[in-house]
Amino acid sequence: DIQMTQSPASLSASLGETVSIECLASEGISNDLAWYQQKSGKSPQLLIYAASRLQDGVPSRFSGSGSGTRYSLKISGMQPEDEADYFCQQSYKYPPTFGAGTKLELK
Amino acid sequence: QVNLLQSGAALVKPGASVKLSCKASGYTFTDYYIHWVKQSHGKSLEWIGYINPNSGYTNYNEKFKSKATLTVDKSTNTAYMELSRLTSEDSATYYCTRDRIYYYDGYGYWGQGVMVTVSS
Numbered sequence: 001d002i003q004m005t006q007s008p009a010s011l012s013a014s015l016g017e018t019v020s021i022e023c024l025a026s027e028g029i030s031n032d033l034a035w036y037q038q039k040s041g042k043s044p045q046l047l048i049y050a051a052s053r054l055q056d057g058v059p060s061r062f063s064g065s066g067s068g069t070r071y072s073l074k075i076s077g078m079q080p081e082d083e084a085d086y087f088c089q090q091s092y093k094y095p096p097t098f099g100a101g102t103k104l105e106l107k
Numbered sequence: 001q002v003n004l005l006q007s008g009a010a011l012v013k014p015g016a017s018v019k020l021s022c023k024a025s026g027y028t029f030t031d032y033y034i035h036w037v038k039q040s041h042g043k044s045l046e047w048i049g050y051i052n053p054n055s056g057y058t059n060y061n062e063k064f065k066s067k068a069t070l071t072v073d074k075s076t077n078t079a080y081m082e083l084s085r086l087t088s089e090d091s092a093t094y095y096c097t098r099d100r101i102y103y104y105d106g107y108g109y110w111g112q113g114v115m116v117t118v119s120s
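In order, the protein sequence lines correspond to chains A and B. The numbering used here applies: residue 1 is where the first sequence begins, and numbers increase by one. The numbering used here applies: residue 1 is where the second sequence begins, and numbers increase by one.
What the hints contain is simulated information worked out from the structure, not anything from laboratory work. A virtual CB, placed ideally from N, CA and C, is assigned to each residue, including glycine. A few of these clues could be false.
[What the hints assert, rightly or not] No farther apart than 16 Å at their CA atoms in a straight line, the calculated lysine to aspartate or glutamate pairs in the EDC-like style are these:
#1 A/LYS93 x B/ASP73
#2 A/LYS103 x A/ASP82
#3 B/LYS43 x A/ASP85
#4 A/LYS103 x A/ASP1
[To be verified] Computed spacing ranges between beta-carbons, pair by pair:
#5 B/GLU62 x A/ALA100: 36 to 44 Å
#6 A/THR18 x B/ASN52: 38 to 46 Å
#7 A/ASP1 x B/ALA16: 28 to 36 Å
#8 B/ALA16 x A/LEU15: 42 to 50 Å
#9 A/LEU11 x B/SER55: 37 to 45 Å
#10 A/SER67 x B/ASN52: 27 to 35 Å
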């Protein structure tokens, strides 16, 4: 299985701060990478697909980038509603696998 | 709009089985696979498998092959996952999901999740 190593496990950001979360795949995944946001007690919600494409309705402060084995999610200007857990997921090979998650808190 | 409505929380005894449901609406049920995902301890996510509602074809994560059985009822647009021989390790929240459009697009739609608690 492809291992997704996500970092950091947690971080704290101030209002308006730019935040980055990274995922490292154990092998190349050809941009078949999605990012999800999960707020407390809710289902995960798709933010980014195909590494850099913004899901409909997601604020433009969210962006994704990367290639090969390294991918990142950036939030340009932390907002209170961005406090959540974030997960990456590869769909390049079965079984699809997820990163362990990043807990983002507002400082 | 696409909606995946899951059955309610379940409390089951060790060794028993439980069958979870996921009723789809807002799209043509047979056009998209239904995937199931496990979330343990409120954190990590694991893909269990998918079912093609049109053909009934299933693909399982090796880890869950002897644990989960996926089925569908096309007449009611409902997908099911049966979990067997339950242990405390199966206590988790289970989600049904659907591809955004293509399999490599990520899961664009999620059910609300169902918490399964295995306890005597």
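Outcome of the hint check:
{"no.": "1", "hint": "A/LYS93 x B/ASP73", "verdict": "violated (28 Å)"}
{"no.": "2", "hint": "A/LYS103 x A/ASP82", "verdict": "holds (10 Å)"}
{"no.": "3", "hint": "B/LYS43 x A/ASP85", "verdict": "holds (8 Å)"}
{"no.": "4", "hint": "A/LYS103 x A/ASP1", "verdict": "violated (24 Å)"}
{"no.": "5", "hint": "B/GLU62 x A/ALA100: 36 to 44 Å", "verdict": "violated (20 Å)"}
{"no.": "6", "hint": "A/THR18 x B/ASN52: 38 to 46 Å", "verdict": "holds (42 Å)"}
{"no.": "7", "hint": "A/ASP1 x B/ALA16: 28 to 36 Å", "verdict": "holds (29 Å)"}
{"no.": "8", "hint": "B/ALA16 x A/LEU15: 42 to 50 Å", "verdict": "holds (48 Å)"}
{"no.": "9", "hint": "A/LEU11 x B/SER55: 37 to 45 Å", "verdict": "holds (44 Å)"}
{"no.": "10", "hint": "A/SER67 x B/ASN52: 27 to 35 Å", "verdict": "holds (31 Å)"}
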